[in-house]
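Listed in order, the protein sequences are those of chains H and D. FYI, in our numbering the residues of the first sequence are 14 to 462. FYI, in our numbering the residues of the second sequence are 122 to 437.
Careful: at least some of the hints might be erroneous.
Computed list of lysine to any residue pairs in SDA-like fashion (alpha-carbon distance at most 20 Å, straight line) [said to hold, decoys possible]:
#1 K176/H / D205/H
#2 K450/H / D206/D
#3 K294/H / D206/D
#4 K442/H / Y280/D
#5 K294/H / L160/D
#6 K442/H / S284/D
#7 K314/H / L172/H
Quick list of simulated restraints, FRET-style, between CB atoms [stated by the list, open to error]:
#8 K344/H / F201/D: 24 to 32 Å
#9 R192/D / D205/H: 25 to 33 Å
#10 P176/D / G89/H: 52 to 60 Å
#11 S325/D / T104/H: 49 to 57 Å
#12 G250/D / A46/H: 55 to 63 Å
#13 V423/D / V153/H: 45 to 53 Å
#14 A46/H / I166/D: 39 to 47 Å
#15 V153/H / C171/D: 30 to 38 Å
#16 D79/H / P176/D: 41 to 49 Å
#17 T104/H / R192/D: 43 to 51 Å
#18 A177/D / A46/H: 39 to 47 Å
#19 N252/H / S204/D: 47 to 55 Å
#20 K193/H / R192/D: 36 to 44 Å
What the hints contain is simulated information worked out from the structure, not anything from laboratory work. Backbone N, C-alpha and C fix where the C-beta goes; we use that ideal spot for every residue, glycine too.
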Amino acid sequence: MASGTSRRTILKTAALASAAVITAPYVRGAYAAGSLALGCWDHWVPGANKALIKLCDEWGAKNKVDVHIDFITSQGEKDKLTAAAEAQAGTGHDIMSHRDWNIRIHQNVLEPLDDVVSALIKKYGAISPVAEYLAKSKGVWLGVPTAIGSQVKPCCSRLDLYKEHAGLDLKDMFPADESKYDKAKTDKWTWDLYLESAQKLHKAGFPVGLPMGQTSDAVDWVGGLFNAYGAVFIDAKDNIKVNSDQTRQAMEMARKIMEVSPPEVYAWDDAGNNRWLISGKGSNIMNPPSAWAVAKRDNPKVAEQCWTHPVPKGPKGRFVGQLPQFYGLWKFSKNKSAAKDLLLYISQKESIAQLVEASVGYDLPSFKTMYDLDTWKKVEPPVGTVYSYPPRGDEQTSMFGAPARSEVGAQMYNQAINTVMISKFTQGKEKLDDVIKWAEKELEGTLRA
Amino acid sequence: MADTVQPWNAASLPGYAAAPVKKSGLQLFMRRRSTIALLMCMPLILIIGCLIVYPAFYSIYLSMLNKAQTRFIGLSNFTFLMSRDTFWMVVWQSTIFALSAVFFKALIGLITAHLVNNLPVKGQRKWRGMLLVPWVIPLALSTLGWWWMFDPTNSAFNYTLRSFGFDGIPWLSEPYWARFSVILVNVWFGAPFFLIMYLAALKSVPEQLYEAASIDGATAWQKFRHITLPMMHNIIAITVLFSMIVTFANFDIVQIMTAGGPRNMTHMFATYSFLLGIRSGDLPLGAATSLFMFPILAIAAVFILRGVRKRGREIG
């Protein structure tokens, strides 16, 4: 039986189809400019991720780019694990969130982002020195600082308890308006006064809750304390400087604080101090406003008395631990120019305002000129409670590990050498000289090439 | 009747000329039972190859690179580790953890297996099921449950102790208690594995041996010492070896409960390797840490398995 379709018919149809394809006009598809995949830190504030999705969708629709976001939790360091796997494999997302030291860890596989960051600095002024230390390598920006998940860890104190048991009016000392800060009053808030009030609060049954484990909350406040006394562990030229009077002074102060702290602080993770404040047992912690936000939901009476304010001052200044986050663009990304454009878009002040609002003030931009956003002024209860969350007055940001080379700093920070030192000295009752000797040896190990 | 019988063999038909059937080498190869077995195992072999063999060799390769992974440095990562006090503390802790956890798992498994074996057959299945629960719950979930019970501030155990007038115990904040706690959770999780293996071994011991021993006047201890233990020798050796390897490589329990603290005093090879490799960004050093026990465990495995084979031959 003869077939209905001859060889000639097929050839003719194919020729016509080819001609049609060649001569047809180019029709721009919905996502003609390709696609971008983002691996972003999964925000703990409910609904905060939506603000980023909205911004990316807006940008994607405008630029005809299909933007796909995977939110990756930092629980169990899953985000860092994903970044490490993608860096090793040379494939994965285009843009990836990087917490704390991760830009430096993956510097060899990250695309320079000078053009993006320079444009932002030109528009918004100076950037946080901690962000610069972590994301700029050999003069080249390898990450764009983002507000999402970036934080500092100032004091969050109970107004009622401090007034009643320590005789301190923290609201008067740090009002919700920087222009009303009185230097004479703020200068009184030193580590000595912090200790004195902690002793009184401990006596009254409401100890302060400063963690002494090996997670970032502990490392950050201890890092600020060492900086306040001028203690340097390793300088920028790889000299080990931990054996100093400044270190000894800071260690002594830490020992006295630990004496009036709950014994379980040595086992606290980053949620331990939050729970301590929310439970109503604690009078002070050093943390972003997450503890207050959860207290607002779970224990409103505690939340009504919470006041975020700068950390105490030491002989060398007032240093608050900062933990910024960045966006990095992998070298293996196939849509680099679109990625840079998106990063620029979501870093604009208008975009940042939406992100800060969605996170109820938790997210902190790295540009001081953005600290005037309304969210921090209006959040309540009490009104102005998180006004001083962004560093105000003479408060400077700090990062434990600096000023050492950041490859070295990353190890000092992640191995929590500063908190282990204090734990050995206070909980382990080891001699201060022995602890310093141990630290010198550990620091020597971090200098390995 | 005979002419109604249909010939069933085509070759017997008149005019049928049997053509010589040539089977290709491939056909013959495919018809071999060993080939079929190999093909059926292939998915598993591929999975093992991709997810175990390749990563193992890749981590050996990684452990011989410098921190930036740009240069081959031989065994320098290992010699560096051996010069660190903290690393030796990790070695010591891992050894204490693995030896004590495996000892208690084996002991509890053996005792429980005997108890379950002596239960009436009717209720035995229920007990077996209940005793296996710790082993079948995903470890990360059950460890979280334990962590809540040991919670540094609001420990359920301490609440109970205090309600009876006792002091609370610093389960996770004091290093020695923290070590005890992680070992306890590991024993709780791993003992059912020993139980089920030992129970299976006990059931395979011929009843006649016990009967003969009873006639000879053997005590319960003598029966255990001279019949049960020798008959279980191989299974004990294999379970201990297997559990030792798994316990040395434990990650979940320590990471969830203490993350290596306080003062690094609960770190194991896996958690310390994670700290160095992933958190601190030194993958080669992390790989070297995780591989450190490999030669020691491999040698132990060779000796234990050799013993198992020898005893197997003796029994056979």
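These are the hints, each one checked on the structure:
A C-alpha spacing of about 17 Å is found between K176/H and D205/H, which places the hinted pair at or below 20 Å, so the restraint holds. Between K450/H and D206/D, the direct Cα distance comes to roughly 12 Å. Compliance with the 20 Å bound is thereby established for this hinted pair. Simply put, K294/H and D206/D have alpha-carbon atoms about 38 Å apart, too far for the 20 Å limit, and the pair is violated. The suggested pairing of K442/H with Y280/D is violated, with an alpha-carbon distance near 28 Å, which exceeds 20 Å.
Distance restraint check for K294/H and L160/D: the Cα-Cα separation of roughly 65 Å exceeds the 20 Å cut-off, and the hinted pair is therefore not satisfied. Of the supplied pair hints, the one linking K442/H and S284/D is violated, its CA atoms being roughly 31 Å apart against a limit of 20 Å. Of the supplied pair hints, the one linking K314/H and L172/H holds, its CA atoms being roughly 12 Å apart against a limit of 20 Å. At about 29 Å, the beta-carbon gap between K344/H and F201/D stays in the expected band of 24 to 32 Å.
For the hinted restraint 25 to 33 Å between R192/D and D205/H, the CB-CB distance of approximately 50 Å leaves it violated. A hinted range of 52 to 60 Å is violated for the C-beta pair P176/D and G89/H, which are about 19 Å apart. A beta carbon spacing of about 51 Å between S325/D and T104/H agrees with the range 49 to 57 Å that was offered as a hint. Taking the beta carbon of each, G250/D and A46/H are about 59 Å apart, inside 55 to 63 Å as hinted.
The hint said 45 to 53 Å for the Cβ distance between V423/D and V153/H, and at roughly 51 Å that hint holds. Between A46/H and I166/D the C-beta distance comes to about 44 Å, which sits within the given range of 39 to 47 Å. A hinted range of 30 to 38 Å holds for the C-beta pair V153/H and C171/D, which are about 37 Å apart. With their beta carbons about 33 Å apart, D79/H and P176/D fall outside the hinted range of 41 to 49 Å.
A hinted range of 43 to 51 Å is violated for the C-beta pair T104/H and R192/D, which are about 24 Å apart. For A177/D and A46/H, the hinted distance range of 39 to 47 Å is satisfied, since their beta carbons lie about 42 Å from each other. Checked against the hint of 47 to 55 Å, the C-beta distance between N252/H and S204/D comes to roughly 20 Å, which is inconsistent with it. Our hint of 36 to 44 Å for K193/H and R192/D is violated, since their Cβ atoms are close to 58 Å apart.
The structure fails hints 3, 4, 5, 6, 9, 10, 16, 17, 19 and 20 (numbered hints given earlier, in ascending order).
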